[in-house]
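**Q** These are the residues of each chain, in order.
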Amino acid sequence: MEILGSLAGGFATALAPQNLLYAFVGVVLGTAIGVLPGIGPALTISLLLPVTFGLDPVPAFIMFGGIYYGAMYGGSTTSILVNTPGESSSVVTAIDGYQMAKKGRAGAALATSAIGSFVAGTIATLGLMVGAVALVGLAVRIGPPEYFAIMILALLSVTGLSGTSVPKALFATAFGLALGLVGMDNQTGQLRMTFGISELEDGVDVVLGAIGLFAVGEVFWVASTWLAQQAEERQTLRGPARMTREEFGRSVAPWLRGSVVGFIIGVLPGAGAAISSFMSYAIEKRASKHPEEFGKGAIEGVAGPEASNNAAAGGNLVPLLGLGIPGSGTTAVMIAAFQIYGLQPGPLLFTQRPDLVWGLIASLYIANVALLVLNLPLVGLWVKLLDIPKPLLYAGILVVSAVGVYSIDRRASDLVVVFALGVLGFLMRRYDYPIAPLLLGLVLGPLIDLNFRRGMIMTDGDVLALITRPGAAAILGLGLLLVLAPQVVRLYGRMSGKRDLARLGESDG
Amino acid sequence: MSWRHSDAVGGLLAIALGVVVLAGALTTPDVAFGVVGPAVLPSIFGSLVILSGLWLVVASRWTSAPAAVTLDVRPLALSAVAIAAYFAAFVPLGFVLSSIALFVGMARILGSRASARDLLAGTAFVVALYALFQMLLTVDLPQGVLPV
Numbered sequence: 001m002e003i004l005g006s007l008a009g010g011f012a013t014a015l016a017p018q019n020l021l022y023a024f025v026g027v028v029l030g031t032a033i034g035v036l037p038g039i040g041p042a043l044t045i046s047l048l049l050p051v052t053f054g055l056d057p058v059p060a061f062i063m064f065g066g067i068y069y070g071a072m073y074g075g076s077t078t079s080i081l082v083n084t085p086g087e088s089s090s091v092v093t094a095i096d097g098y099q100m101a102k103k104g105r106a107g108a109a110l111a112t113s114a115i116g117s118f119v120a121g122t123i124a125t126l127g128l129m130v131g132a133v134a135l136v137g138l139a140v141r142i143g144p145p146e147y148f149a150i151m152i153l154a155l156l157s158v159t160g161l162s163g164t165s166v167p168k169a170l171f172a173t174a175f176g177l178a179l180g181l182v183g184m185d186n187q188t189g190q191l192r193m194t195f196g197i198s199e200l201e202d203g204v205d206v207v208l209g210a211i212g213l214f215a216v217g218e219v220f221w222v223a224s225t226w227l228a229q230q231a232e233e234r235q236t237l238r239g240p241a242r243m244t245r246e247e248f249g250r251s252v253a254p255w256l257r258g259s260v261v262g263f264i265i266g267v268l269p270g271a272g273a274a275i276s277s278f279m280s281y282a283i284e285k286r287a288s289k290h291p292e293e294f295g296k297g298a299i300e301g302v303a304g305p306e307a308s309n310n311a312a313a314g315g316n317l318v319p320l321l322g323l324g325i326p327g328s329g330t331t332a333v334m335i336a337a338f339q340i341y342g343l344q345p346g347p348l349l350f351t352q353r354p355d356l357v358w359g360l361i362a363s364l365y366i367a368n369v370a371l372l373v374l375n376l377p378l379v380g381l382w383v384k385l386l387d388i389p390k391p392l393l394y395a396g397i398l399v400v401s402a403v404g405v406y407s408i409d410r411r412a413s414d415l416v417v418v419f420a421l422g423v424l425g426f427l428m429r430r431y432d433y434p435i436a437p438l439l440l441g442l443v444l445g446p447l448i449d450l451n452f453r454r455g456m457i458m459t460d461g462d463v464l465a466l467i468t469r470p471g472a473a474a475i476l477g478l479g480l481l482l483v484l485a486p487q488v489v490r491l492y493g494r495m496s497g498k499r500d501l502a503r504l505g506e507s508d509g
Numbered sequence: 001m002s003w004r005h006s007d008a009v010g011g012l013l014a015i016a017l018g019v020v021v022l023a024g025a026l027t028t029p030d031v032a033f034g035v036v037g038p039a040v041l042p043s044i045f046g047s048l049v050i051l052s053g054l055w056l057v058v059a060s061r062w063t064s065a066p067a068a069v070t071l072d073v074r075p076l077a078l079s080a081v082a083i084a085a086y087f088a089a090f091v092p093l094g095f096v097l098s099s100i101a102l103f104v105g106m107a108r109i110l111g112s113r114a115s116a117r118d119l120l121a122g123t124a125f126v127v128a129l130y131a132l133f134q135m136l137l138t139v140d141l142p143q144g145v146l147p148v
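Chains as they are written, first to last, in my numbering: chain A, 1 to 509; chain B, 1 to 148.
Treat the hints as calculated values from the structure; they're not laboratory data. Glycine is no exception: its CB is placed at the ideal position from the N, C-alpha and C atoms. It is possible that some hints are incorrect.
Not the full set, but computed from the structure, chain A residues with beta-carbon under 7 angstroms of chain B [as the list claims (entries may be wrong)]:
1. L181
2. G396
3. D449
Estimated spans, in silico, between C-beta atoms of each pair [to be verified]:
4. P354(A) / L12(B): 38 to 44 angstroms
5. G189(A) / R117(B): 20 to 26 angstroms
6. S413(A) / A128(B): 26 to 32 angstroms
Just chain A, same shape as in the assembly:
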C-alpha cells in the first residue's frame, strides 16, 4: 500500500501541467534522435543531456524518463524501414520488420512495435516499481563487499555477453575502469593518473565517454566507409500504421512473453536489451505454429523482440534506482544525469528525494502513454527524418556533440578528450572491440574502488574474507555462471551450426 501512496504522490508531481509538457517534449526529442540511423539510446541520452541543464531536478528527470523510453522506441522505425538498426537491441527487429516492409506491411510492423513497446513499457514500469522498492529494502542489509560483488557481476556479465573475443572485452573493461579512476581520489585527495595535466583532475565524465566513443567515433566510421556504403534501399510507408485483426491477434502473446523475458533479463546487471531481444526472437520462433515464416516477415518476430527490448529498458532501471548501480551503457549515462544534479541514485535517494524518484517512475508511465499517442499518428514525421541527407546529418551530430561536451563544464580541454575518445571508439569499432564495457567501466571504476576499499577496511585487508562473505560469494558465483554460460551456448551454437546462438548477444550500445 505504501508503494501506491508514493506512486500517487509521484503522479501528482508528474501530472502538473508543466511537468506533463516536459514528459511529452522528452518523448518527442528522444524518439526524434533515436530514429536517426547509427544513434543508439546511450548516445541519444548523452546528446540530449544538456537540454535539461537549465531545469530543476524534478522536471529534468521527468523529461529524462520521456527521453529514455523515446530513445528506446525510436530505433525500431529505422530497423523496419531502412534495415540499418540504430542500436544493437533493434538488430533483431530488422530481420522480420524489414521483410514485412518489403511486402508492403511496414504500417503493421510499426504498429505492432509501438503497441508492443507500450505494453512492455507498462509491465516493466510496474515491475520496476516493485523491484526497486524490494532492492531498497535489501540494500540496507548489504555492505560494501556485496556492492563490490554486484559491480563485478555487472562487469563480468557485460564482458561475457558482449562479443566473441574475450581478450578484446577484457581490454575494453579494464581500460574503462582505469579511465574511470583518472583524477582526484575521493578518499585521500591524491591525484591519480593525471600526469600533471590539471584538466584531468576532475576525471573523465561519462558523457564525454559516450559522446566521444559513439558520436565522434561514428562520424569517423561513416567517413571511413563512405565509398563502400551502398545506397540504402528504403521501404516506404503506405497509409496509416495499422494492423489487421489477424495481425493484432498474432501479436498479443509475443508482446506479453517478450515483456516478461525482457524485464527479467533487463534486471540482471550487464545483460541488456540486445540479449533480451535475441532471446525473445528465439522463444517466438519456437512457440510459433509457422516457424518457417520467421526471417520472411513474421509479425511475431517484430512484436516479441520489440516488447522485449523496451521491457529490458525498464528492467535496467531496477539496479540503477534500487542500488545505484548501472548495468548497461545506457544506464551508465543515466547516472551522469543524476550526478550533474549532485544526486546519487540508490536506496538513500528514495528516502531523501521521494518526490524525484516517484516523479520519475510516474513519468515513465506517462512517457509510455505519450509514446503510444504520439508515435502512431506521427510516424510519418519520424520517417521524414530519415530523408535528411547523410552529410548534413553527421555534420549536425558533431555540432550538437560539441555543445553537449562544452556545456558540462564550459571547458575547451574536454573537447580534446572527446577527440581522443572518438579515435579510440573508431579503432575499437573497426577492429571489433566491444564499446559498452568501456563505458560501463568508466562509471563503475570509482564505485568499485570505493566499495572495495571500504570492504577491505571491514575485513582488515583480507581479500579472501571479502569475497567469501555469503552474499558476496553467491553474487560472484552468479557472475562466473553468466560469463561461462554464453561461452558454452556459443560453442554449442557453432558446433551445431545454429547461427543465431553463435552470434548471441552482440554488444549493447
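Please arrange chain B on chain A, whose structure you already have, making use of the hints.
**A** Chain B only, in chain A's frame:
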C-alpha cells in the same frame, strides 16, 4: 606470427596503453590512509589491460585477422583534420562561426556538393541551436569574435 595481423597490432597498442595506466598508478603517492591505498586498483586495472594486450598478441598467432572493410583514407583523414580544427576553434572563434564552418566542411567531406544549400541549412541549424541553448536553456556557449 605476422605483425600485420590487426589483433597483434591492437594487442601492442593495448600493452602501450596498459603501461601508461600502470605508470600513472605506480607514481601515485600512497598516503597510508585506510587499508588499501589509492594506487592499488589502478595498478590492477593497468595490469589487466597489459594482460589483454599480451593475450591478443599471442592469440593472433593462431587466429586469422578479422576481415575489415577497406578504409576510405581520404574522407577519414579529412574529417579527422576538420573535427580537430573545429574543436580547436570552438572557443576562440566562437560557437556560431566555427560550427557553421564545420557544418559546411563536414558535409563536403562526406560527399555533399550543394555548398549553398549546406551553408543555408548549417546557418539555420546553428543559429537555432544557439538561440535554444543561450536564450531558452541558459547554457552559455562561447561568443568568440562575434559581438553579440
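**Q** Please go over all the hints and tell whether each is borne out by the structure.
**A** Hints versus structure:
1. L181: 5 angstroms, holds
2. G396: Holds, because the Cβ-Cβ distance from G396(A) to chain B comes to roughly 6 angstroms (cut-off 7 angstroms).
3. D449: At 5 angstroms from the nearest chain B Cβ, D449(A) passes the 7 angstroms test, so the hint holds.
4. P354(A) / L12(B): 38 to 44 angstroms: 52 angstroms, violated
5. G189(A) / R117(B): 20 to 26 angstroms: 54 angstroms, violated
6. S413(A) / A128(B): 26 to 32 angstroms: Because 27 angstroms falls inside the window, the suggested range holds.
Checked against the numbered hints given earlier, the structure breaks hints 4, 5 and satisfies all the rest.
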